[in-house]
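A.B. asks: Sequence:
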Amino acid sequence: MITCVGSVFLDRIVKIDFFPKKPIKILANNIEQRLGGSAAISSFTIKKLGFQSEFIGRFGDDEVSNFLKSEFRYFNISYNKSLFLKKTLSSQSYVFEDAKGERLLAAYNEKKLLANKSLPKFSFSNKHTYLTD
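In this note's numbering, each residue carries its 1-based index in the sequence shown increased by 5.
Calculated directly from the structure, the hints in this document are not laboratory data.
Any given hint might turn out to be false.
Unchecked claim - Lysine-lysine pairs mimicking DSS-like chemistry, simulated, CA-CA at most 25 angstroms apart:
no., residue 1, residue 2
1, Lys53, Lys74
2, Lys30, Lys86
3, Lys91, Lys74
4, Lys105, Lys74
5, Lys92, Lys122
6, Lys116, Lys126
7, Lys26, Lys53
8, Lys27, Lys105
9, Lys132, Lys53
10, Lys86, Lys74
11, Lys74, Lys27
12, Lys74, Lys30
13, Lys86, Lys126
14, Lys26, Lys105
15, Lys86, Lys26
16, Lys91, Lys53
17, Lys116, Lys20
18, Lys27, Lys53
19, Lys52, Lys116
20, Lys52, Lys26
21, Lys116, Lys86
22, Lys91, Lys132
23, Lys52, Lys91
24, Lys105, Lys52
25, Lys20, Lys30
26, Lys26, Lys74
27, Lys116, Lys92
Unchecked claim - Estimated spans, in silico, between C-beta atoms of each pair:
no., residue 1, residue 2, range
28, Phe80, Phe129, 36 to 42 angstroms
29, Leu109, Glu68, 21 to 27 angstroms
30, Asn34, Leu54, 28 to 34 angstroms
31, Arg78, Ile29, 36 to 42 angstroms
32, Asn71, Leu119, 36 to 42 angstroms
33, Glu68, Asn34, 21 to 27 angstroms
34, Thr134, Pro25, 18 to 24 angstroms
Virtual Cβ for every residue (Gly too), placed ideally from N, Cα, C.
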């Protein structure tokens, strides 16, 4: 078992043709929604490589959290040791990507999510590998 501890985000990828020189209104070609965060993505990669993984992170209690948890459930990755904060927005980012692959990222973390420095109770084991971001 590989336990991945760290961030989980909802990434919204906004595809555009180009970045304007001045801030003006432009049309997006596409918007994708997917799971992000280094530890979260690592848990999915480990699972796809055929190994057991679990994720431990911080979730809010909003629609974003529902989407993120549904992704973990779909791929059968446990997240039950994570922290679930009431009346808190989950971490999110908007990634603007132009036709050349250049990116601008705007990330959001609610202060309550960042201020909570507690860790869930779990035991370290020499039968596990731990990955943190």
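A.B. asks: For every hint, state whether the structure bears it out.
C.D. replies: Hints, one by one, checked against the model:
1. This hinted pair checks out: lysine 53 and lysine 74 have alpha carbons roughly 17 angstroms apart, not beyond 25 angstroms.
2. Taking the CA atoms of lysine 30 and lysine 86, the gap is near 43 angstroms; set against the 25 angstroms cutoff, the hint is violated.
3. Straight-line distance between C-alpha atoms of lysine 91 and lysine 74 comes to about 15 angstroms, which keeps the hinted pair within the 25 angstroms bound.
4. Taking the CA atoms of lysine 105 and lysine 74, the gap is about 32 angstroms. The hint is violated against a cut of 25 angstroms.
5. Between the alpha carbons of lysine 92 and lysine 122 the distance comes to roughly 17 angstroms, so the proposed pair stays at or under 25 angstroms and holds.
6. For the hint linking lysine 116 to lysine 126, the alpha-carbon distance of about 22 angstroms falls within 25 angstroms, and the restraint holds.
7. Simply put, lysine 26 and lysine 53 have alpha-carbon atoms about 41 angstroms apart, too far for the 25 angstroms limit, and the pair is violated.
8. Under the criterion of a C-alpha separation no larger than 25 angstroms, the hint pairing lysine 27 with lysine 105 is consistent with the structure, at around 18 angstroms.
9. For the given pair, lysine 132 sits about 20 angstroms from lysine 53 by alpha-carbon distance, which is consistent with the 25 angstroms threshold.
10. For the given pair, lysine 86 sits about 12 angstroms from lysine 74 by alpha-carbon distance, which is consistent with the 25 angstroms threshold.
11. At roughly 38 angstroms between alpha-carbon atoms, lysine 74 and lysine 27 are farther apart than 25 angstroms, so this suggested pair is violated.
12. A distance of roughly 33 angstroms separates the Cα atoms of lysine 74 and lysine 30; the hinted pair therefore is violated under the 25 angstroms criterion.
13. Among the hinted pairs, lysine 86 with lysine 126 is consistent with the structure: their alpha-carbon atoms are about 8 angstroms apart, no more than 25 angstroms.
14. With a C-alpha separation of about 15 angstroms, the suggested pairing of lysine 26 with lysine 105 holds against the 25 angstroms cut-off.
15. Simply put, lysine 86 and lysine 26 have alpha-carbon atoms about 46 angstroms apart, too far for the 25 angstroms limit, and the pair is violated.
16. This hinted pair does not check out: lysine 91 and lysine 53 have alpha carbons roughly 31 angstroms apart, beyond 25 angstroms.
17. For the suggested pair lysine 116 and lysine 20, the alpha carbons sit about 28 angstroms apart, so the restraint of at most 25 angstroms is broken.
18. Restraint check: the Cα-Cα separation between lysine 27 and lysine 53 comes to about 42 angstroms, which exceeds 25 angstroms; the hinted pair is violated.
19. A hinted pair counts as satisfied when its Cα atoms are at most 25 angstroms apart, and lysine 52 with lysine 116 does not qualify at roughly 31 angstroms.
20. With a C-alpha separation of about 42 angstroms, the suggested pairing of lysine 52 with lysine 26 is violated against the 25 angstroms cut-off.
21. Between lysine 116 and lysine 86, the direct Cα distance comes to roughly 21 angstroms. Compliance with the 25 angstroms bound is thereby established for this hinted pair.
22. The suggested pairing of lysine 91 with lysine 132 is violated, with an alpha-carbon distance near 33 angstroms, which exceeds 25 angstroms.
23. With a C-alpha separation of about 29 angstroms, the suggested pair lysine 52 and lysine 91 falls outside the 25 angstroms cut-off, and the hint is violated.
24. A distance of roughly 31 angstroms separates the Cα atoms of lysine 105 and lysine 52; the hinted pair therefore is violated under the 25 angstroms criterion.
25. About 14 angstroms separates the Cα atoms of lysine 20 and lysine 30, which keeps this hinted pair within 25 angstroms; it holds.
26. A C-alpha spacing of about 38 angstroms is found between lysine 26 and lysine 74, which places the hinted pair above 25 angstroms, so the restraint is violated.
27. For the given pair, lysine 116 sits about 12 angstroms from lysine 92 by alpha-carbon distance, which is consistent with the 25 angstroms threshold.
28. At about 25 angstroms, the CB distance of phenylalanine 80 to phenylalanine 129 disagrees with the hint of 36 to 42 angstroms.
29. A hinted range of 21 to 27 angstroms for the beta carbons of leucine 109 and glutamate 68 is consistent with their spacing of about 24 angstroms.
30. A hinted range of 28 to 34 angstroms holds for the C-beta pair asparagine 34 and leucine 54, which are about 32 angstroms apart.
31. In this structure the hint that arginine 78 and isoleucine 29 lie 36 to 42 angstroms apart at CB holds, the actual value being about 41 angstroms.
32. About 21 angstroms separates the C-beta atoms of asparagine 71 and leucine 119, a value inconsistent with the hinted range of 36 to 42 angstroms.
33. Range check, glutamate 68 to asparagine 34: Cβ separation about 25 angstroms, and the 21 to 27 angstroms hint holds.
34. Between threonine 134 and proline 25 the CB atoms are about 45 angstroms apart, so this pair departs from the stated range of 18 to 24 angstroms.
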